[in-house]
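Since chain A is already given, all that's left is putting chain B on it; use the hints.
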Amino acid sequence: MADVAIQSNPVVGSGTRKRGGLQRALKRKSTAAFLMTLPLILLIAILVIYPAFYSLHLATLNKSMQRFIGFGNFEFLFKRETFWLVVKQSCIFAITAVVFKALIGFIVAHFVHNIPAKGQRKWRGMLLVPWVIPPAMSTLAWLWLFDPSYSAFNYTLSYFGIGPISWTGDAYWARFSVILVNIWFGAPFFMIMYLAALKSVPEQLYEAAAIDGANWWQRIWYVTLPMMRNIIAITTLFSLIVTFANFDIVRILTAGGPLDHTHIFATWAFRVGIEGGDIPLGASVSLFMFPILAVAAIFILRDINKRGNES
Amino acid sequence: MSTLAIDKAGPTRKTKYGSMSRDRTWALRWSYFFLILFAIFSLVPPIYMLITSLKSSAEISAATNPWWVYHPTLSNYVELLTSNQFLTFFRNSAFVSVFVVTITMLISVPAAFALSRMRFWGSATLATGVFLTYLIPDTLLFLPLFKMFAVFGDWTGIQLINRWYVLLLLYPTLTVPFATWIMIGYFASIPKELDEAAIIDGASWFQTLTRIFIPVAMPGIIAATIFAFTVSWAQFLYPLVFTTSTDQLVLPVGIITSLIKGDVFNWGQIMTGALLGAAPPLIIYAFLMDYYIAGLTAGATKG
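So the protein lines, in turn, are chains A and B.
1 is the number of the first residue of the first sequence in this note's numbering; add one for each residue after it.
1001 is the number of the first residue of the second sequence in this note's numbering; add one for each residue after it.
Hints are not guaranteed to be accurate.
Unchecked claim - Some residues of chain B that are not near chain A, with every Cβ distance over 10 Å (derived): (1) L1054; (2) L1074; (3) Q1085; (4) T1088; (5) F1090; (6) R1091; (7) F1095; (8) T1102; (9) D1154; (10) L1160; (11) R1163; (12) P1215; (13) P1219; (14) I1222; (15) S1245.
To be verified - Simulated crosslink set (BS3-like; lysine-lysine; CA at most 30 Å straight-line): (16) K1192/B with K29/A; (17) K63/A with K88/A; (18) K63/A with K1192/B; (19) K79/A with K63/A; (20) K199/A with K122/A; (21) K199/A with K118/A.
Think of the hints as simulated: they come from the structure by calculation, not from any bench.
Note that CB positions come from ideal geometry on N, CA and C, so glycine has one too.
So that you can see chain A by itself, here it is in the shape it has in the complex:
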């Protein structure tokens, strides 16, 4: 009974209190909002922003991290042949893998979209499995499939008279294998993204195109692609970042070998920085991932802002 009385009191006499209460609520609101985001801000500031700048600082130190040597690490890198090999391989790896992931994702998404809606779930579920398995685990399976002496692929190919291929031993085949595994792992992501985008294209557009006599190629070129442009752009840029920064697949499959011919920035930075004990040089290597990242991020942000303005 007492509770009820107390609760009803403010309601009766709220006329004068309302303003003060509102102001206090506003004040509380910004404080509360700040407190709610504080852990996030701290996490990002201490464990992301600070290390990012710290790696800039690290890159200017000598190996024992006691002396400032300016651009010494970079000068050293530019003179080394391995570095330019790594640059070349990173670009080949990222661009080839992303192009094929996007193409395969696009094609498979169309096939899944084509079949009756009842069966789509099942197929989608099967085709997404590579993305779900932790890449470190699935790459082990690939390593075993590529095994020099017991390769199951070579066993199968021998029936077609194709000689044993040294999947991870030969420089070109090793590059091919690494890219293949990356495509296998990443294509399902594109497939799911494109499938979601395909579903959002209004059916009337295709009907209108069909009435205008468009063939399947024209339907894709003039209807599907323009409607999916945003998703294609954002997925590709995002995948470019992730692929460029890839570590697991190359590390487990070839560990950079044979003779550094599959090293990319991340694996080489690990080799130099952790295994070689030269953290500043490793940090300088990994910093080369930054430009591509920045460019992709600018494009993605522009896209997001544009969409924000549209809606």
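Below, chain B alone, put in the same frame as chain A:
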């Protein structure tokens, strides 16, 4: 007369329909053909994992048909599941993942709520910043972080390197930005009237969050949880750099460093370990596929 005209129009129409549906069936057949091809490509590695895991070492080294198991045996599973080392890896992985998921949700849900509903100075910039943080890869940060933790250990005497719980600090840098980002998207889609009504009824901000937003955005929360779990279960670089003693390793690194001894690959056990390591995400995926896919697509389509 009119019926005659319709009859005349009928046949031409019919043939056209016929050819169109014949086109459709062919398109369908081709679709299925290529889908089967791609499904084989997708499923060969996991199936091969299973096949190899059922073989004994003798059968593997006998180089019989690699795609078939002649003498299936569960000895690899028994050996791994009774080995203390493997169970330690599994336990470490489970601990890390569960804690990281908890930390992630505790940080990102309130932050996403504040960023999507309580406009304050700098909130829009912060939301964009969160997304940008998500784009910074682990491979860019592992060296400075390693040095940071080493220096921190020297200064304070708290040794974090080579302890499994250092991963509880590292993984949230990967999971929190994305979880926050998709939660902002989910919260933004909740109608404003709902929380206005709650505020008018006298609910505090905290109550609005726990009584209205969390229940309504449950699908988003489940998607973010699954994402955080998958990322922390699969992460390979950070544990490889930050932990080295066998009792501190998580599953992916543990399998690779302990089952591969020099040049000796015990493939039966490696594949069994890999399959067991892949099982938790696969099981979650099998049961919660729709949430999984919603989380996957939310990152790029919402915002």
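The hints, checked one at a time:
1. L1054: holds, 14 Å
2. L1074: Its Cβ never comes within 10 Å of chain A, the nearest being 19 Å, so this holds.
3. Q1085: For Q1085/B, whose nearest Cβ neighbour in chain A is about 17 Å away, the distance exceeds 10 Å, so it holds.
4. T1088: holds, 18 Å
5. F1090: Label holds. Min Cβ-Cβ 13 Å, cutoff 10 Å.
6. R1091: holds, 17 Å
7. F1095: Holds, because the least Cβ-Cβ distance between F1095/B and chain A comes to about 17 Å, which exceeds 10 Å.
8. T1102: holds, 13 Å
9. D1154: holds, 12 Å
10. L1160: Label holds. Min Cβ-Cβ 12 Å, cutoff 10 Å.
11. R1163: holds, 16 Å
12. P1215: holds, 18 Å
13. P1219: holds, 15 Å
14. I1222: Correct as stated: the minimum Cβ-Cβ distance to chain A is 16 Å, above 10 Å.
15. S1245: Nearest chain A Cβ is 16 Å from S1245/B, so the label holds.
16. K1192/B with K29/A: holds, 16 Å
17. K63/A with K88/A: Satisfied, since the Cα-Cα distance of roughly 25 Å is no more than 30 Å.
18. K63/A with K1192/B: violated, 56 Å
19. K79/A with K63/A: Holds - the C-alpha atoms of K63/A and K79/A are around 17 Å apart, at most 30 Å.
20. K199/A with K122/A: holds, 17 Å
21. K199/A with K118/A: The hint holds at about 14 Å.
Of the numbered hints listed earlier, the single one contradicted by the structure is hint 18.
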